[in-house]
Amino acid sequence: MSGDIPDASPDRHSIRSPTPSYVDPSIPVPVRIVDPSKDLNSYGVGSVDWKERVESWRVKQEKNLIQVTHKYAAEGKGDIEGTGSNGEDLQMADDARLPLSRIVPISPNELNLYRIVIVLRLIILCFFFQYRITHPVWDAYGLWLVSVICEVWFALSWLLDQFPKWYPINRETYLDRLALRYDREGEPSQLAPIDVFVSTVDPLKEPPLITANTVLSILAVDYPVDKVSCYVSDDGSAMLTFEALSETAEFARKWVPFCKKHNIEPRAPEFYFAQKIDYLKDKVQPTFVKERRAMKREYEEFKVRINALVAKAQKIPEEGWTMADGTPWPGNNPRDHPGMIQVFLGHSGGLDTDGNELPRLVYVSREKRPGFQHHKKAGAMNALIRVSAVLTNGAYLLNVDCDHYFNSSKALREAMCFMMDPALGRKTCYVQFPQRFDGIDLHDRYANRNIVFFDINMKGLDGIQGPVYVGTGCCFNRQALYGYDPVLTEADLEPNIIIKNCCGSRKKKDKSYIDSKNRAMKRTESSAPIFNMEDIEEGFEGYEDERSLLMSQKSLEKRFGQSPIFIASTFMTQGGIPPSTNPASLLKEAIHVISCGYEDKTEWGKEIGWIYGSVTEDILTGFKMHARGWISIYCMPLRPCFKGSAPINLSDRLNQVLRWALGSVEILLSRHCPIWYGYNGRLKLLERLAYINTIVYPITSIPLVAYCVLPAICLLTNKFIIPEISNYAGMFFILLFASIFATGILELRWSGVGIEDWWRNEQFWVIGGTSAHLFAVFQGLLKVLAGIDTNFTVTSKATDDEGDFAELCVQVDQPSNPPDHGARDQPSGHSGRSVIRYQQWLPILGSAFWEAFLLNLGDPPPLPFPEGSHGETEPHTDHCHRLVCPPRFHLLAAVGEDRSFHFTYTESSFPGAMRRKLLI
Numbered sequence: 001m002s003g004d005i006p007d008a009s010p011d012r013h014s015i016r017s018p019t020p021s022y023v024d025p026s027i028p029v030p031v032r033i034v035d036p037s038k039d040l041n042s043y044g045v046g047s048v049d050w051k052e053r054v055e056s057w058r059v060k061q062e063k064n065l066i067q068v069t070h071k072y073a074a075e076g077k078g079d080i081e082g083t084g085s086n087g088e089d090l091q092m093a094d095d096a097r098l099p100l101s102r103i104v105p106i107s108p109n110e111l112n113l114y115r116i117v118i119v120l121r122l123i124i125l126c127f128f129f130q131y132r133i134t135h136p137v138w139d140a141y142g143l144w145l146v147s148v149i150c151e152v153w154f155a156l157s158w159l160l161d162q163f164p165k166w167y168p169i170n171r172e173t174y175l176d177r178l179a180l181r182y183d184r185e186g187e188p189s190q191l192a193p194i195d196v197f198v199s200t201v202d203p204l205k206e207p208p209l210i211t212a213n214t215v216l217s218i219l220a221v222d223y224p225v226d227k228v229s230c231y232v233s234d235d236g237s238a239m240l241t242f243e244a245l246s247e248t249a250e251f252a253r254k255w256v257p258f259c260k261k262h263n264i265e266p267r268a269p270e271f272y273f274a275q276k277i278d279y280l281k282d283k284v285q286p287t288f289v290k291e292r293r294a295m296k297r298e299y300e301e302f303k304v305r306i307n308a309l310v311a312k313a314q315k316i317p318e319e320g321w322t323m324a325d326g327t328p329w330p331g332n333n334p335r336d337h338p339g340m341i342q343v344f345l346g347h348s349g350g351l352d353t354d355g356n357e358l359p360r361l362v363y364v365s366r367e368k369r370p371g372f373q374h375h376k377k378a379g380a381m382n383a384l385i386r387v388s389a390v391l392t393n394g395a396y397l398l399n400v401d402c403d404h405y406f407n408s409s410k411a412l413r414e415a416m417c418f419m420m421d422p423a424l425g426r427k428t429c430y431v432q433f434p435q436r437f438d439g440i441d442l443h444d445r446y447a448n449r450n451i452v453f454f455d456i457n458m459k460g461l462d463g464i465q466g467p468v469y470v471g472t473g474c475c476f477n478r479q480a481l482y483g484y485d486p487v488l489t490e491a492d493l494e495p496n497i498i499i500k501n502c503c504g505s506r507k508k509k510d511k512s513y514i515d516s517k518n519r520a521m522k523r524t525e526s527s528a529p530i531f532n533m534e535d536i537e538e539g540f541e542g543y544e545d546e547r548s549l550l551m552s553q554k555s556l557e558k559r560f561g562q563s564p565i566f567i568a569s570t571f572m573t574q575g576g577i578p579p580s581t582n583p584a585s586l587l588k589e590a591i592h593v594i595s596c597g598y599e600d601k602t603e604w605g606k607e608i609g610w611i612y613g614s615v616t617e618d619i620l621t622g623f624k625m626h627a628r629g630w631i632s633i634y635c636m637p638l639r640p641c642f643k644g645s646a647p648i649n650l651s652d653r654l655n656q657v658l659r660w661a662l663g664s665v666e667i668l669l670s671r672h673c674p675i676w677y678g679y680n681g682r683l684k685l686l687e688r689l690a691y692i693n694t695i696v697y698p699i700t701s702i703p704l705v706a707y708c709v710l711p712a713i714c715l716l717t718n719k720f721i722i723p724e725i726s727n728y729a730g731m732f733f734i735l736l737f738a739s740i741f742a743t744g745i746l747e748l749r750w751s752g753v754g755i756e757d758w759w760r761n762e763q764f765w766v767i768g769g770t771s772a773h774l775f776a777v778f779q780g781l782l783k784v785l786a787g788i789d790t791n792f793t794v795t796s797k798a799t800d801d802e803g804d805f806a807e808l809c810v811q812v813d814q815p816s817n818p819p820d821h822g823a824r825d826q827p828s829g830h831s832g833r834s835v836i837r838y839q840q841w842l843p844i845l846g847s848a849f850w851e852a853f854l855l856n857l858g859d860p861p862p863l864p865f866p867e868g869s870h871g872e873t874e875p876h877t878d879h880c881h882r883l884v885c886p887p888r889f890h891l892l893a894a895v896g897e898d899r900s901f902h903f904t905y906t907e908s909s910f911p912g913a914m915r916r917k918l919l920i
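So in full-length UniProt numbering the end of the sequence shown lands on 920, straight run, no missing numbers.
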C-alpha cells in the first residue's frame, strides 16, 4: 500500500441502514401522502424517469420468468396453471428469503412463574436481613457480625448470578435455507471462507493422536473444500507435533473421501470406530462394510506410526532432534527458535485418493526469543490471526483446543446460519457452542460437564447480549477481532428498557436526548481503536481513484504492525486474497508477521485480537467485544458440534478450576474490570452484571470458608450467631428455604437440566470454593500487587496401575475423642437421645432449617480433597486423600443449651472414629 490516508475523525460512528437487498420486517414502511389537488407529475409519477424505472422492472421480471420456464421445459416438467413456471422453484425462492434461524421461546407459563418466584425470594431476603440486622447477638457479637457480612455477600452473589438469567432463550437454525441461499447445487458456492485454529503446546501432555483426530475431523467437515483452512499452532515447537501432522496429512487423503462418501458421524476416526452402535443403519452402499473394515485397518496402522513417534520422543538426543535431511530441527530450544510455517495440504497440491481437493492444512510455530513477552495462548492465537490473514484471509475464524474434535460435520454451517444472516451477521462478533465431553464417569462426580453453566447461564445470557466466550468451540467475525465497530441500527441505539420505563418513550426528542444519542454515536474508551466499517468499504472501493480513506498508512501500521499485505487484508470484509498473489511472497510475509517483535508498539493484545493481561484471555476478549456494542450468539444444536476430553481426577480438575479463578482475579484487579470499565460503550446492564459475576466469584471463597468455620467455633465457644427464633422469624426462615428450592426446581424445569447434574454442580461449588478459589485469590493478590508469581499447583497422586479413577478413593478421618460439649448439663439416663423442652414447634422448625443451612455449608459432602493443594509435593504412603470432616451431630449440638435443646452422645455415637475408606 502506498499513499497517505487522512486520519479518521473521532466523531464518526459505524451506523448505517441495512443493505438494499434486505428489508427489516420490523421497520414500518413510510407512507407518502399524495395531495389530489396537485399535479401527479410533481411526485414523479408521470415523469420520464419514473416510466423508465417501471419499464426496467417489468423487463427484469419477464426475463426471470422466461429463464424459469425454459429451465423446466428442458427438463420435461410441466408448468403449474396460472404461474407460468414450476411451483417448487417459486417455493425455493421464497424459502431462500426466509431467516436462517429463529428464537424458540420458552413456555411463558414456566418463565413467568420462575420470575415471580425470583421476585418473591428477593422480598423474603429483604425481610430476612431486616430481622438479622435488628436482632444482634450481643454475647457473640463478633461471630454474629461475621455471619451477617457473609450472608450479605452471598445475597449479592446470588443477585449477580440470578438476574442475567431473566431472559433465557433457545435458538433453532435452518441449514436447508442456508444451502438454498448460498450453496445451491450446480452453482459456485457463496459460503464465506473460514479459517479454523487448533492450538497445542506440549505433545507429551496433549497426545498427538488426539490432536490428529481433531485435525482429521476438521479436514472432513461438510463445507466447500476451497473455503476451509486448518491452522495448527505448535507453541512448543516440538518435532513430534510436526511429524505427527505430516502423518495426519497423508492419512487424510484416505479418510476424508471415506467420510464424505458414506456421510458418517463423527468424523474423528478414534471416536467413530469406538462407537457401540449399529454402523449399518442408514447406509445403502453395498460396499460400505468392506470399505469400513479396510479403513479401520488403515487407521490402526496410522495409530501404530503415531505411537512409534511418541515412543521415540520420550528420549531426547543430546545433540537435539534432526530432520530427515540431516539438518537440525529449528525448534530444539522451545524458548529460542525462529518462526516455522509448513503447508502440508493446499488447494492446488493436496488431493485425496479420489482426485478431489482437500482443505488447506498449515503448521505454524511462532518465533520465540529470550527477553520477549509471548503471552502464552493469547499470543499464539494472535499470531494465527495474522498468518491466516496473509495466506487465506477467511472472513470468519473458528478456534478449538487440540482435544476438541468436530462431533458434527455441520458445525461450520450452523455457525454460518448466524454469521451470514443479513439481520444478525453485521453485529455478531462470535457464535459460541457449548462444550461437551467424552470419557467422564457416569455420575460426573467433579462436575466436569458444567451442565448448569452451559445449559442455564449461557441460555440466559443469549437473551441479553450474548454468551461469554469460553475459549474453544467459537466462531469469530474477523472484523470484530480487528477492533471494528458493529453495524448498528437506530433501534440498537435506543435507550435501554430501564431508561424507557423511568423517563418515558420520549416522543418529543428534546435536546438532552439528542445530545446523549450523539455521544453514544461517538467512539469511546471502550471502542478505541474502532474504525467505521462503512467508511472503510467506501474508501476501499475508490482506492484506485486515490479517494481519501480513514487513516494514514502510518496510523494503520501503528494499529496493525508493519505489514502492508496484512493491512490490506483487513479491508477485505468478505475475506479472500487477490488471485494474482505470489505464494512465495505470501509465505515470506507470513514468517514476518509471526516474529516475536512484530507486536511491539502496536495495539495487538490491547484492543485488537485476543486481549492480554489474564490467563483467562477468553473472558477478557469477549468482554471487550461486547463493550463495543457487538452481540454474540449461543448455538446449541441437537447433536453437539464439538466434544472434548475433561479431567478425570480431582487433582487435575482443581488445577483447572484454580487457573480459571486466577484469571478472574487478574481481570478484577486490572483496568478492564467490568465494574468500572466501558460505561460509555454499548454494554447492557444485565450483561455487565454477568461479567461482574464472572470475575468476582473467587472472592466468595473467603466468606464461604468463614461460614464453614462458624459451626465449629459455636461448638467450641458455646456461643451462637442467632438469637432465640420467634414464630414470626421462623416463618421467614422457612419461606426463604422454600423459595430457594422453588427457584432451583423451576430453573431445572425450563432448562431441561437433570437433578443429578444440578446437585453435582452444587457439590463441587463448595469443594472448589473452599480450595482452589481461595488459593487463586491469594495468588492473584501476590501476582498483581506484589509482583510475586507463586504457583499453587495441584499434583496428581494416581499411578498408572491404579486406573483412571484412582483418586475417587478417599480416607475420612473423624475425631476419636470429640470434645464433651455441654455434657455437664445432660440429664442422666438419656444416653444417645435428645431432650426437647420446646412447647412451640415452629421455632424448632425454623432453627432446624437454619442449622441445616449451616450444616450444608460447614460440613460439605465427603468428596476427596488432596493435601497437596498447598503446593505440597511429598508423596504419601498411600494413594488415598485424607479428609477431616466434623461429625454429623452438628445439626443438633449447634442449637445450644440456652434454648434447652440438648444432645447426649457417647463413644458409640462416633462410628467413624476409626479410619475408614469411602468409595464415592
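No wet-lab data here; the hints were simulated from the structure. Heads up, the beta-carbon is just placed ideally off N, CA and C, and yes, glycines get one too. Hints should not be assumed to be uniformly reliable.
Straight line, CA to CA, 20 Å or less: simulated EDC-like cross-link-like pairs of lysine to aspartate or glutamate [what the hints assert, rightly or not]:
1) K205 - D455
2) K410 - E172
3) K684 - E206
4) K290 - E265
5) K410 - D183
6) K276 - D161
7) K205 - E270
8) K276 - D438
9) K312 - E185
10) K554 - E589
11) K205 - D652
12) K377 - D403
13) K260 - D278
14) K427 - D441
15) K290 - E301
16) K376 - D202
17) K312 - D202
18) K290 - D278
19) K254 - E357
20) K377 - E206
21) K260 - D176
22) K254 - D222
23) K261 - D226
24) K261 - D354
25) K303 - E247
26) K303 - E206
27) K260 - E298
28) K410 - D176
29) K260 - E185
What follows is a set of in silico ranges between Cβ atoms, one per label pair, in the way DEER data are often shown [claimed, not checked]:
30) E298 - R369: 25 to 33 Å
31) D600 - F154: 21 to 29 Å
32) I103 - P583: 29 to 37 Å
33) P99 - R297: 44 to 52 Å
34) I745 - P99: 53 to 61 Å
35) P370 - D441: 38 to 46 Å
36) R335 - I123: 29 to 37 Å
37) M323 - L280: 40 to 48 Å
38) L122 - N333: 19 to 27 Å
Hints, one by one, checked against the model:
no.	hint	result
1	K205 - D455	violated, 30 Å
2	K410 - E172	holds, 14 Å
3	K684 - E206	violated, 39 Å
4	K290 - E265	holds, 18 Å
5	K410 - D183	holds, 14 Å
6	K276 - D161	violated, 39 Å
7	K205 - E270	holds, 18 Å
8	K276 - D438	holds, 14 Å
9	K312 - E185	violated, 48 Å
10	K554 - E589	holds, 19 Å
11	K205 - D652	holds, 12 Å
12	K377 - D403	holds, 15 Å
13	K260 - D278	holds, 19 Å
14	K427 - D441	violated, 40 Å
15	K290 - E301	holds, 17 Å
16	K376 - D202	holds, 12 Å
17	K312 - D202	holds, 15 Å
18	K290 - D278	holds, 15 Å
19	K254 - E357	holds, 12 Å
20	K377 - E206	holds, 15 Å
21	K260 - D176	holds, 18 Å
22	K254 - D222	holds, 16 Å
23	K261 - D226	holds, 18 Å
24	K261 - D354	holds, 11 Å
25	K303 - E247	holds, 10 Å
26	K303 - E206	holds, 15 Å
27	K260 - E298	holds, 17 Å
28	K410 - D176	holds, 11 Å
29	K260 - E185	holds, 16 Å
30	E298 - R369: 25 to 33 Å	violated, 41 Å
31	D600 - F154: 21 to 29 Å	violated, 46 Å
32	I103 - P583: 29 to 37 Å	violated, 44 Å
33	P99 - R297: 44 to 52 Å	holds, 46 Å
34	I745 - P99: 53 to 61 Å	violated, 34 Å
35	P370 - D441: 38 to 46 Å	holds, 43 Å
36	R335 - I123: 29 to 37 Å	violated, 59 Å
37	M323 - L280: 40 to 48 Å	holds, 44 Å
38	L122 - N333: 19 to 27 Å	violated, 59 Å
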